[in-house]
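Engineer: These are the residues of each chain, in order.
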Amino acid sequence: AQKITQTQPGMFVQEKEAVTLDCTYDTSDPSYGLFWYKQPSSGEMIFLIYQGSYDQQNATEGRYSLNFQKARKSANLVISASQLGDSAMYFCAMRPNNAGNMLTFGGGTRLMVKP
Amino acid sequence: SAVISQKPSRDICQRGTSLTIQCQVDSQVTMMFWYRQQPGQSLTLIATANQGSEATYESGFVIDKFPISRPNLTFSTLTVSNMSPEDSSIYLCSVEVRRGPNTEAFFGQGTRLTVV
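The listed protein sequences derive, respectively, from chains A and B. Numbering-wise, my numbering puts 91 at position 91 of the first sequence, and it's gapless, one number per residue. Take any residue in the second sequence, count from 1 to its spot, add 115: that is its number in my numbering.
In case anyone wonders, no lab produced these hints; they're calculated from the structure. Small disclaimer: the values here were computed from a predicted structure and weren't measured. Every residue, glycine too, gets a C-beta built ideally from N, C-alpha and C. It cannot be assumed that every hint is accurate.
Simulated restraints on C-beta separations [unchecked claim]:
no.	chain 1	residue 1	chain 2	residue 2	range
1	B	VAL231	A	PRO9	26 to 32 Å
2	B	THR135	A	GLN69	39 to 45 Å
3	A	TYR64	B	THR159	23 to 29 Å
Given only the sequences and the hints, what does the whole structure look like? Please build it.
Structural biologist: If you want it as structure tokens, here you go:
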């Protein structure tokens, strides 16, 4: 079984500053993928970034980067130059790469960007 | 990535009625997943829908309450039956897309359901 832990129920960040959202995971599968999603108040789940367990480099997508530390089983999301529109819920998720497996989600972190 | 169109985006329904949510994908996918997100909670998987076979339900979810159809590789529906206020949630469909050795997951826009 997989488990995802997001220890920060809420985070504040000043506009234009960087923020790190924590995510730790537990799995016995050797091959897996890690995901981050943004959920604004509208409810949709917006895919942000993906990290494969065998990827050598940390994933980056624009202002989003993933600080992947495999030995520590952590996959923290770093948002640089925060914008007011970044205020939302953020979910970390994991999925083993074997077919038929589902995503396991963390409890989420609510990010609030202050002007 | 996959483009997923989910509708309705929101609805307010009377208790005891049923609502069918549709999910359309712009490419053929083997599996589609249906999730529920209760207010203030994270996502919980309801069931996995494979084309040509019955959906596989997670613990706590049953076919009579959440019947699912998967008539082809690009479409699925989830019905929330005999609704009660406790069914008020966001419902999301999701698909997997293989990219090399990795499998990525994308979501529809979600259906915000309120049962009164």
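Engineer: All hints, please: hold or fail.
Structural biologist: Results of checking the hints against the structure:
{"no.": "1", "hint": "B/VAL231 x A/PRO9: 26 to 32 Å", "in the structure": "holds, 29 Å"}
{"no.": "2", "hint": "B/THR135 x A/GLN69: 39 to 45 Å", "in the structure": "holds, 44 Å"}
{"no.": "3", "hint": "A/TYR64 x B/THR159: 23 to 29 Å", "in the structure": "holds, 25 Å"}
The structure is consistent with each of the numbered hints, conforming to all of them.
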